[in-house]
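Novice: Generate coordinates for the entire structure from the input sequences, incorporating the hints supplied.
From first to last, the protein sequence lines are chains A and B.
The C-terminal position of the first sequence is numbered 456 in the numbering used here, with every residue numbered one higher than the one before it.
The C-terminal position of the second sequence is numbered 1342 in the numbering used here, with every residue numbered one higher than the one before it.
Heads up, a few of these hints could be off.
Far from chain A by the CB rule (all over 12 Å, computed), these chain B residues [what the hints assert, rightly or not]: (1) G1081; (2) D1123; (3) L1124; (4) G1139; (5) T1150; (6) N1161; (7) R1241; (8) M1320.
Here are some, though not all, of the chain A residues that point toward chain B, as calculated from beta-carbon distances under 8 Å [said to hold, decoys possible]: (9) Y70; (10) S74; (11) D77; (12) R83; (13) V84; (14) T96; (15) S121.
For the record, the hints were derived by calculation from the structure and aren't laboratory data.
Ideal Cβ placement from N, Cα and C applies to all residues, glycine included.
Residue strings, one per chain:
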Amino acid sequence: MIPRGSIGRRLTLLLAGVAALLSLLSWGMVTGLARQAAERTQDNVLAASAITIAETLRSEQGEVRLELPYSAFSMLDAIGEDRVFYRVTAAGDLLTGYADLPPPDQGLAPGQVDFATGLYSDEVIRMASVLRVVLAGAQPIPVIVTVAQTRQGVDQIAAELSRLAAVLSVAFFVVAVALSAIAARTSLRPLNEIAAAVSRRGPSDLRPLRRAAPAELAPLMTALNRLMDRLGQSIRRSEDFIAEAAHRVRTPLATVRTQAEIALHSVSDETERQRLRGIIRAVDESSRSAGQLLDHATVAFRADDLARDPIDLADLARQTAATLEATAALRDIHLQLNLAPAKVAGDAVLLDSALRNVLDNAIKYSPEDTTVSITVSKLGAMGQITITDQGPGLGDGPVEALTERFRRGANTGGIVGSGLGLTIARDVVAAHGGHLALQHAENGRGACVSLVLPLA
Amino acid sequence: MRILGFALGVILSWTGAILAYEVEEERFYPGTGPVVLRVISTADLAVFEPYLRAFQTQRPDISIAYTVTSSTDLYAAIRDGAPFDLALSSAMDLQFQLANDGFARSYRSAMTADLPDWARWRDLIFAFSAERAVVVVNGERIAGLPLPATRQELIALLRDNPARFHGAVGTYDVRESGLGYLFATKETRSTDVYWRLVEVMGRLDPKLYCCSGQMIDDVAAGRLAMAYNVLGSYAAERLARDSGGRVQILRMEDFENIMLRTAIIPRNAEQVEAAGALIDLLLETGVRATADDWPLPPLGETGGADGAGFSPIRLGPALMVYLDPLNRRTFLAEWENAMEQR
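Specialist: Have a look at this one:
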């Protein structure tokens, strides 16, 4: 499987991108609004100043008189350190102030404040103009008061607020990214949990997953369960097939063996006898392999729904040893039993099958006139049956590999075998929650195989 | 404000045939290098020389050409584009007007950044000394009279002793002195007793002065019993200490005028770096914590132990209100009415 990016990272990046966009947007908006607010404040102050000046206009002896009020100028300090310019014109003639200020709009109505932005003395200025009509004598004279100010204060306020907004936006972004990461992780947790549950399962556990999962994961779960179901069926079918095949092969083999035995007894020619003995041996081996295939299928079948009967390992060992006594005797191999009671809960058929395969192996690989010992003991919470032989041992390769299906040791010589014996034993003890321990015998010669099972 | 500048220019044009300003004092301090820092100032050399000497110890390579003139002449000179690198003036309103109208150049340094907000405006104008206006009295001539602490008491004192004060009261001629005008306009805004005080003084045939130095001299010499709104409190205080009680300084408790001495770098300055260095030196002496041997008082402390109520005249556009020709005309008319009642 090729990993194509991580959903969590993609989700985090996506959310972070959205947060960055929002941060940028909010910063831009706050900056714009701050600028507007500052400009409006300046406009208000300028308007107030111009109106204050206009209100002091009066006529004396047919002339327009004016006294600039102190407050009209002191209030212009409010926003910042800005340069101030002003002009008062009566009927178009300069009364006082800066003559060269840009003129206000033409259509200035009395009582209304006109704002304009212009350039004066190398700086951008904001101007507020008001028109007031003063009656000088009998003549109405339009007087225009213009107050102007540079925009440094506005710029400064806007820049300060913009900086503040930028800091807040960055903080917002950082928090949003952290929250995104948390959110992504939280929403992906069910997926990870399912993955963990699947990977925790044993190699032959094909039961359907029964977990509460978010709606989005339900199709995946269904598909997964359906796949496992199909897989299980397929495995069962092939196991059934193998069992059936083994069973069918065994019966005719038994017939062939009986016929061969009879023939052996009735033939006197040594060459013939030798040939017949070979046939018998081959038939035995085939029969044994078929039996093992059958055992293996049985293990696979019964392990799915394991029985938990109370079993004493000592009894089991004694019974199994008894069934193999004859085979051992044929080759002058002595079975030595060191038994202590050890109660486990399990399937007697399977455990017998496991022990028989291990013991069978031991007998098969042991040279003639040796001893195979069977020891039942307790070790903490585990009980174990240990079979030790004086055969060629487990070879130099990794011992764990020997339990693989159809894998045989490197030093099996001319001995015929299927390579299923240890696999069966391992599967059985694993189904019971135990494990198979493979060691070299203590004296350096022979193998030591232990079936370790949890005590009941 | 072009108008005012133009008017001042016209007025001043007959005082000097070529120069738009009248030079009261002039001195050249040669340095080792080719750079000449041209300073125009309202502070007398007697007051200012220590600063120049200190500057030349720091920067011996810079020569200084120091020109003393009046505050209005200084204003007109800078407006006319006279070739100076630094303008130091006690008329903060005129200095402010120059800065506002674009005749100053901005300057920034670690020292200017350390200045309190009220002591600078826009990196264009920097205050380096704060001085309060005080009342100076001749102890001998007012012997036996209670010393006034407020303007109310001052009014009462003058009114009750017309014989003793007749012809013996001095104050600024606000028509001539920019500083006197600034103080007077500030006082009309700050206290309602100012006009009454002017009226009372007007009845006593007051002597009007252009400059505080002459006023202090006349008080010390006994020609005046009292001088009102005198600047140069430092010089006066030293005189008071030396005179053994003959000259006394009174501080009005109801309201005090505090003026800032300011520096600007004119727009057409050439030695901006040197001018900035001198500003830094002035600011360094200005922000010092205690009054020491410098001739001008520091910014934060003006000779008294009580810092309470310390509020110097604000550097801001409001300073331009009374510089407006219309306002000036109105104010002077009112002042003349009150002061000259003969």
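Novice: Does each hint fit the structure? Answer for all of them.
Specialist: Taking the hints in turn, this is what the structure says about them:
no.: 1; hint: G1081; in the structure: holds, 15 Å
no.: 2; hint: D1123; in the structure: violated, 9 Å
no.: 3; hint: L1124; in the structure: violated, 9 Å
no.: 4; hint: G1139; in the structure: holds, 38 Å
no.: 5; hint: T1150; in the structure: holds, 23 Å
no.: 6; hint: N1161; in the structure: holds, 34 Å
no.: 7; hint: R1241; in the structure: holds, 38 Å
no.: 8; hint: M1320; in the structure: violated, 6 Å
no.: 9; hint: Y70; in the structure: holds, 5 Å
no.: 10; hint: S74; in the structure: holds, 4 Å
no.: 11; hint: D77; in the structure: holds, 4 Å
no.: 12; hint: R83; in the structure: holds, 5 Å
no.: 13; hint: V84; in the structure: holds, 4 Å
no.: 14; hint: T96; in the structure: holds, 5 Å
no.: 15; hint: S121; in the structure: holds, 4 Å
In this structure, the earlier hints numbered 2, 3 and 8 are contradicted, and the remaining ones agree with it.
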